[in-house]
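FYI, our numbering numbers position 86 of the sequence shown as 86, with every residue one higher than the one before it.
Think of the hints as simulated: they come from the structure by calculation, not from any bench.
Glycine included, each C-beta is placed from N, C-alpha and C at the ideal position.
Heads up, a few of these hints could be off.
Here are the in silico distance ranges between beta carbons for each label pair [what the hints assert, rightly or not]:
1) 142 with 118: 33 to 41 Å
2) 168 with 226: 16 to 24 Å
3) 427 with 1: 34 to 42 Å
4) 7 with 378: 18 to 26 Å
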Amino acid sequence: MSVVAQILLAVMSVFTLLGLMAVVRRLAHKVGLSGEVQRKLMHVGTGLFAMLLPWIFPDRWPVYMLIGATMIVMLILRLPRFSKGLGAAIHSVERTSYGDFLLALSVGLCFLLAGENTLYYLLPIAVLTLADAAAALAGTTYGTKRYVVEDGDKSLEGSVVFFVVTLLVAIICFLFLSKLPPSNIMMLCLMVAGFGTLVEAQSWRGFDNLFLPLGLLIFLKTHYHSSLAELAMLAILFFAALVSFGVVGTRIGLSKHTTRVYVVAVFLMLAAAKMQNTVLPILVLAAHGWARTASPCDSKYPDLDIVAALGILGFGWLALGNATGWDAISFFGLSAMGLAMGLCAVMLRAIPVAIPIAAAVLFLIRIWAVSLNSDSSNWAEPLTALSLVTLAVTAIMPWALPDVFQKNRVSRLTLLALLLPLTYYIWSIAGDISARIAGGVIS
1 MSVVAQILLA VMSVFTLLGL MAVVRRLAHK VGLSGEVQRK LMHVGTGLFA MLLPWIFPDR
61 WPVYMLIGAT MIVMLILRLP RFSKGLGAAI HSVERTSYGD FLLALSVGLC FLLAGENTLY
121 YLLPIAVLTL ADAAAALAGT TYGTKRYVVE DGDKSLEGSV VFFVVTLLVA IICFLFLSKL
181 PPSNIMMLCL MVAGFGTLVE AQSWRGFDNL FLPLGLLIFL KTHYHSSLAE LAMLAILFFA
241 ALVSFGVVGT RIGLSKHTTR VYVVAVFLML AAAKMQNTVL PILVLAAHGW ARTASPCDSK
301 YPDLDIVAAL GILGFGWLAL GNATGWDAIS FFGLSAMGLA MGLCAVMLRA IPVAIPIAAA
361 VLFLIRIWAV SLNSDSSNWA EPLTALSLVT LAVTAIMPWA LPDVFQKNRV SRLTLLALLL
421 PLTYYIWSIA GDISARIAGG VIS
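Given these sequences and hints, build the entire structure.
Shown next, in the form of structure tokens:
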């Protein structure tokens with residue numbers, strides 16, 4: 001297929017999405033569909049189309065172009081002029097949700113991270129498309145036993161349906177796209193169903209559209225070749241963590257929902273990175289728990305915001321590293337270190353002499369983590385100066401301007417912690433590429 005043909009196909013795909021929205025809106029006016037049903041119809045339609053992307057486009061770049069165009073369309077449809085019309089097909093739910101953006105983003109990230117392995121892409125997107133819709137339908141129609149999620153609730157019946165549909169989807173995908181022994185396939189399918197159900201049950205504001213498929217993809221990439229004994233041990237450890245975190249969380253004032261979200265977040269970090277690279281992100285959770293007590297902020301759900309921030313940082317750096325070919329784990333560590341420092345500055349504002357001590361501890365932990373990483377991961381090291389400047393900025397700003405970080409604290413601290421590492425990462429890659437081009441020209 002020619003380049004022009006693929007571009008035209010991508011453009012037609014965007015117009016097909018708009019056409020589907022128009023059909024859903026027309027159907028809603030005729031039969032009185034609720035906002036939630038409209039959103040789920042769009043969810044299923046776009047998800048089914050996304051499952052076909054590896055076979056529709058022979059090249060990968062048109063898919064990224066299509067995802068980018070779709071996200072721009074989603075942004076436009078949120079404008080007041082369109083949100084009550086065509087955009088109501090995805091924006092007419094009463095609760096706050098970013099599901100439309102996150103669905104498009106997760107499809108692009110899964111397509112990027114899965115590479116040429118169809119199973120890693122198809123299974124997470126199929127679960128997100130089919131199991132999520134089935135669970136929503138079952139929960140809305142038959143759900144009687146409810147549990148609280150943020151400012152809403154979900155049903156036990158919906159979660160059971162999600163587990164069953166995910167298990168069936170996983171079995172079908174593994175049977176057609178895997179050559180593993182049957183015992184390993186069954187164990188992986190059960191773990192995919194169990195882990196996926198927990199992620200979906202604890203997600204909020206549409207974040208399941210991001211955390212669910214990417215979490216499943218990371219789990220598959222990490223444990224696809226694990227032995228049956230290793231998988232069984234992993235399942236036991238995860239269950240033990242869920243129980244123990246539940247006991248500890250209630251004692252320090254966390255809700256049951258938040259506690260389970262923390263377990264999922266830690267499990268994902270341990271699955272995606274080596275142990276030493278998870279210490280700083282876990283310290284972010286600990287620092288946040290301390291800061292929320294010492295100096296509460298105005299955010300409605302700060303405990304969930306910190307998990308969302310870590311998830312976006314982790315997935316973002318992972319995707320950026322895969323896209324560029326330059327391992328970004330050191331820069332993820334820098335961002336996590338800066339975020340932890342910002343939270344420490346908030347909670348230690350009344351004891352300013354303790355802030356440099358916290359900075360020194362975080363700096364030494366990063367040095368230790370880097371020393372255990374491979375040379376390919378440490379290609380940009382040493383980053384001593386960048387580490388010190390990041391620590392200084394993230395310590396001084398929250399301490400000197402506390403009112404600025406009183407509202408939307410987590411998001412503002414995350415942006416502050418990300419600014420310098422991301423700028424240096426882009427600058428380093430651009431400089432290296434320029435040097436290689438110049439070297440090729442000269443030679």
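Against the structure, the hints:
Separation of residue 142 from residue 118 is about 34 Å and conforms to the stated range, judged on CB atoms against 33 to 41 Å. Separated by about 22 Å at the C-beta atoms, residue 168 and residue 226 satisfy the suggested range of 16 to 24 Å. Distance hint check for residue 427 and residue 1: the Cβ-Cβ separation is about 36 Å, which falls inside the suggested range of 34 to 42 Å. Separated by about 39 Å at the C-beta atoms, residue 7 and residue 378 break the suggested range of 18 to 26 Å.
Checked against the numbered hints given earlier, the structure breaks only hint 4 and satisfies all the rest.
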